[in-house]
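**Q** Spelled out from the first residue to the last, the chains are:
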Amino acid sequence: MTTAPSRSAAPEAAGRQISPPEDRYATELAFLAAHDTGPRPPAWRLTPRAVVTFVLGSDGDTLRLPAGTDAPEGVPRHLVVEEKFVGDRALVERCVVTLAGERGLLLVGEPGTAKSMLSELLSAAVCGTSGLVVQGTAGTTEDQLKYGWNYALLLAQGPTRAALVPSPVLTAMTCGGVARVEEVTRCLPEVQDALVSLLSERRIAVPELSGGDDALLHAAPGFTLIATANLRDKGVSEMSAALKRRFNFETVGPIGDLGAEMALVRRQARAAVERAGTTQQVDDTVLEVLVTAFRDLRDGRSAEGWEVERPSTVMSTAEAVSVAASLGLAAAYFPGDRDVLGLLPGHLLGVVRKDDPADASRLLGYWDGAVRRRAEQGSATWRTLWDLRGVLEE
Amino acid sequence: MTPDEAAAALTAPTAPYLIGVRHHSPSLAAAVPALLDAARPQVLLVELPADFQDWLGWLAHPDTVAPVALAAVPGGRGDGPGAAFYPFADFSPELAALRWAARHDVPAVACDLPLSHRAWHQVPARRTGPAPGGPSLYGALRARVGGRTGDDLWDRLVEAAAPGSPPEALRRAALLTGWALRQDAERDEAVDPLDRAREKWMRARLRDASADGRRAAALVGAFHAPALLAPAQGTPARGEPEGAGTKASTEWTVSLIPYTYPLLDERSGYPAGIRDPEWQHLVLSAAGDPAALGEAALGTAVRICAELRSQGHPSGPADARELNRLTGDLARLRGLPAPGRSELVEAARTVLAQGEPLGRGRAVARALERVLIGDRTGRPAPGAPRSGLAPAVEAELAALGLPGPAGPATAARDLRLDPLRSDVDRRRELLLRRLLVCGVPYGEPLAVTVTGVAGTEALTTRWSVRWTPAAAAVLTGVGIRGVTAAQAAEGVLRAARRTEHDNGGPTAGQILAGLREAAECGLPDLVGERLTEARDILPGSAALPELLAALGLLDRMRAGHIAGLPADDTRTAATVSVAGLLTSAAVRQIDGLTGSDDPDDARALLELAHRADALGGIRLADSLSRLATHGSPLMRGAAGAVRVLIGHEEPGDLGARVVSWVDAATSPTARSELTRRLTGLFTAAAPLLEAASPALEPLLDRIGELPDRAFLDRLPALRGGFDTLSPAGRERLLAVVEERLGDRTRDTDAIDPAELAAWTAADLAARDVLTGLGLLPPGTRQPSSGTPAATGQPYPGPGGPAPAAPVSDLTLGPALGPADRWRLLLGRRTDHLPPPAAALANALDELYGSGRGEGSRGDLTGRGTGDGGGRISSFPGVREWSGELARLFGPGIREEVLAAAAVSGRQDVLAELDPDSVHPSVDLLRAILQHVGGLPEARLAALRPLVRRLVDALTRELGTTLRPALTGVVTPRPSRRPGGPLDLARTLRANLATARRTADGTVQVIPVHPVFRSRARRTADWRLVLLTDVSGSMEASTVWSALTASVLAGVPTLSTHFLAFSTEVVDLTDHVHDPLALLLEVRVGGGTHIAAGLRYARGLVTVPSRTLVVVISDFQEGYPVGGLLGEVRSLVGAGCHVLGCAGLDDAGRPRYSTGVAGQLVAAGMPVAALSPLELARWVGEKIR
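Chains as they are written, first to last, in this note's numbering: chain A, 1 to 394; chain B, 395 to 1578.
These are calculated hints, taken from the structure and not from any lab test.
Take the hints with a grain of salt, since some may be wrong.
Pair by pair, the computed Cβ-Cβ distance ranges are [as the list claims (entries may be wrong)]:
hint: 1; chain 1: A; residue 1: A71; chain 2: B; residue 2: T408; range: 22 to 32 angstroms
hint: 2; chain 1: A; residue 1: G15; chain 2: B; residue 2: R703; range: 51 to 61 angstroms
hint: 3; chain 1: B; residue 1: L1378; chain 2: A; residue 2: E73; range: 49 to 59 angstroms
hint: 4; chain 1: A; residue 1: G378; chain 2: B; residue 2: E1099; range: 51 to 61 angstroms
hint: 5; chain 1: A; residue 1: G390; chain 2: B; residue 2: P839; range: 51 to 61 angstroms
hint: 6; chain 1: A; residue 1: P221; chain 2: B; residue 2: L1567; range: 54 to 64 angstroms
hint: 7; chain 1: A; residue 1: G390; chain 2: B; residue 2: G1041; range: 33 to 43 angstroms
hint: 8; chain 1: B; residue 1: R715; chain 2: A; residue 2: P189; range: 21 to 31 angstroms
hint: 9; chain 1: B; residue 1: D602; chain 2: A; residue 2: G378; range: 56 to 66 angstroms
hint: 10; chain 1: B; residue 1: E1575; chain 2: A; residue 2: R16; range: 57 to 67 angstroms
hint: 11; chain 1: A; residue 1: R203; chain 2: B; residue 2: R715; range: 19 to 29 angstroms
hint: 12; chain 1: A; residue 1: R16; chain 2: B; residue 2: R703; range: 47 to 57 angstroms
hint: 13; chain 1: A; residue 1: G74; chain 2: B; residue 2: T408; range: 53 to 63 angstroms
Note that the Cβ used here is the ideal one computed from N, Cα and C, for glycine as well.
Model the full structure from these sequences, guided by the hints.
**A** So, in structure tokens, the structure goes:
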């Protein structure tokens, strides 16, 4: 999960940094279950349309429970469903329809585009939990995707069903839920391929238990899988074609709208600063400059349509949030030291210069191009940034 | 007015029967006959310009096969705005209505404003974006209907909802959608005045039609429908005052031409199209039946998958099934009766594209296009009058006085046009260019020889024109593209552009050519689009020369030197902004020049620096300073010069650095670097040393101070560097030098020799006196060359008897004066040198000749040149020259000079090179190999020992450095992580200590340390594919990669393949163990097609995860970058390890196109400039 969730609707449970969506939005989920009583795919908690509403919010409208239905305990009769995922409606619709067909869904996109958040929200809405998750790393092994053994029991009693330790995927299969595999491309290819037979045959053979009823563990109706993967990141291994054929792909793009992205960054940066116990906020002007610079460098094109050379580093919204939070914290802990805007070039350089030394000179190019032209057009903020170019030159 | 009232008003029985349509609408086209059957009108009005009235019959003719198009152009003029184009397909409601009218003998009226009306030609008021103020109906509707954001509202409200609805409901929905748009437009006051004029005209026609009580039906754009009701509600309009008088002004020529579905597709660039005509056709055939539409979607899904399969991407029935399910479910989720085009396209992208926008995604897009666009072609009814392109062009030819079909058949006529001065010539030029682009064999451009200074562009053009029957035939063929030469040319160019896109996007070269052609043909719209393309694509994919060519073209456009493009402020502004972008893109390319050894790049660098410096900025300075410190010798020199020229560095600093180069030239390598550095310096900025004296000063001093031996050692290298200057340039430099040395007195031609002798005698006497008194400062030696020069005695000619002084005399004898040294190293006025020095000059002239450029033809007439110009070789053969060199300079320097001669292209010296003593260098090897192709086998045999020795020495050297990087490969690693199955036996052994006896007497082992069996990797079958770019010239990279390949071929765990590619791929794997054979097999030349090389490499892959593919290239791909990226993706996707090598040499300095390389990195191929050692390390790491 690369994008921190936004401020909670329900109070955070004590002692947790982040609550999973099924806890945080429990009220909304219960409300939507009662609100839309249409037909549901097997084992789904909500109708597909309600899932879309849950993810994208009700657009500010107040939804009312239909007359004649009883509100479950603790659920209000009318509710505004909060917007959780900023993005294209058609994309979410396609995701939901894919899941309704019990087909695997693979969310791909650049880092920091809230793929993981979307997958959490979808699984929480569909099966009531987002906890059946496997984190893909180079160290992920096949038994984390299928099943493992309690070795002590195995040695003591031989292979029995009791000694079998189900993976989150197997749990989802047996209860008809949604399993999530994060960063599937970080797993080694041979480990990824464990998913192939699982997705096509919808059962797992346990050769150790052969002869008994448990030799084949079948998937219950409703079981499906959401995987996420980064396209542009170091250290990923490619997926085999066989596995790709078993997924529907959705590309989650960066947020299209400057205003929406600014709102998101502001909200999350504020949450981060508040967690640190201060209330210092980053000025909106600085925030706008920050988000604009990130967007320009990410898209390779400035808001005005000028060409900008893209650095090889990914300029994700999540990175923008962390820079905004750092700026806020700097202003809170070192008040009056320096203008916050003056810190921005240094932070940008820090974000950009990760692995390719040429990226630093690409940032110079950005200063030469977009920053200077905006300064020439008379924007005071950009003028200040242009004057700060000395920070970038060693 | 509420929507209900509006609907009631629009469909009121008292009102005229209105059908609101969009120009293409399959649902409505299917419903129109039923609607008209129900309404039974007695006259039908269709929203088409009145000029089309005569053609309506032919359009609706039963023999006319759609798609066809009605096109109208203002008569007498071939170009300009206002040309109108109305394509019709079976799913055009207008055509459906006209056909119905023809069947039922109902008169049809084209009721729109005639095209000649002046309202059409007024500049439309500029729309100012979304209007301010409250929520719009459109926005509200938009938010309700869902679907993709890019979708048209009409598609959502009318088309998608149509299946299963009765025709009348459809009509109502269409009228209401139009009304909603109208309401928004009215509120924002955004209705075009033209629209108002047209509506006024249409109202009048409607009134005329129904005047005699006939029932009238009007088929108009849904947006206009509400306005047609206006007279019924308001005051009846009086007669149209302009009505009668307008038709007279210009006659419009109308043609009915055949059309095709690919042209009808909106993305083809033709006006008034619709997306995916074949799909629309299917919707029309389904005639509003949801089940039939579902079937159509299923059939389309299957065909898309089949098409994808035929492109070599796996996709089977399972995919088609999922595609169909997703399409249907999406429609259901959105509450639609049947799936629409949008759902189908979305689902195809989700199910089939697999998140790869380039490789598979492109294939899916192509499959979608093929299936959804289709290839239906129409034709007008056979009896229709002749119309279209051919008559238009013939008329235009006649008007311009060019030979046409009417005139006598004559031989080709020569024309010289001056398009910038004469208007007739301008129009002729345009017509000829357009016909040329259309492929009509009529005019042929002839080269114009410019007699002025080189580099000036010609403003006049020459053509050879001739009318032939072939021209007529081709004109008929291109007629489908438009009805005037301008339209047809635009169509042809657009089609070419489309093909470029289909093949993976236009290359930089194609964009440039397209922009030039569009500009020459005077097609402003296309120029605009190509400019946009240039803005979007060139910065990322063009190499430096292409960027500079583009900048030159933009300059010409801005200066108005292109006849077809009249001055236009918007375009000029666009040109300026694109030029700025391209300049900054070019600045980025500077990093890619680091390893260049090509004087052209030095020149390009200079041009670029001048352009970029005008824009200012910190990036250029940064790049140049890095180039000046890290670049290849040539680029260091060039960058240093450029930095001085644009004021980033003081001339004095550069001068000091040049001196340090001279001082450091103590080894053969350093000396050849000195030559390259000076070459770079002078290529970029020849006059710098003449003009900026601080840059010259230090060198001047140093050359004078060097000991003779040191000077002689460096002389060939210095002479080689200064040889970059033209003879005239060197002459001027020498003049400057002599002046500074105060040595001009020796040029005494104009002074009476007797007088001069008297002066000299007096001088010498004075000197003797001073010497006798000990008054001369120590260290001042008597200039030996002074006396004979002063007497004006000529030296023995260069062709005369060989100088008697042996080399020892030279070194022991009097030193060379500074002026003589400069004469030697500049190679000018060598006849003024003392005899021993003249021999040196002679020997070097043999190599460098009289130089290139200004003054090289020997026509340089200056004082003192004597017989310097037109020098002929003074040595009978290479052997004599070689002997002379050895005598004068010593054997070491002799080899260097001979090697330099070999490098510069003299084949005959190859035989003189001594295999045993020559200093092995890649440059020399490269030079020799370049000649190998042209040598007869007998000479080649004599060369083999030399090449073998060079190759062996280099390979041995390389092997010594590489081998340590490759030893110790493949040791199995024990892994403790719980990976594979449990090793029960070992686990038991390891945990015996924890065995316990339980209460019931059984033994229980508690496994504290489980042991697992981990799979050991097989080790011996790695495959390395070295793909080497041999386009252009034999680069050092090629030699290095062959050498590296042969070293790597010796590693037992690796099977090494060596592929050489240009536009073709040659597999040289058979020779990989013998670098000599490998190098002798390589043939250089041709373009660069990396994708083809990669495709071949893909065929060699058996186990992708154990395959390394290394591409050694400058990445100036001459084919669409899209294809290259796709190949890289599929290799990376298969799991191969891919590496791009921007240059392979001992210093790891690259020369490459940074734009393309950047895209490749994003596609998964890391690109780096490597030395062979680093490459071997990379290989070692991968296979270890």
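**Q** Failing hints, ascending?
**A** 1, 7, 10
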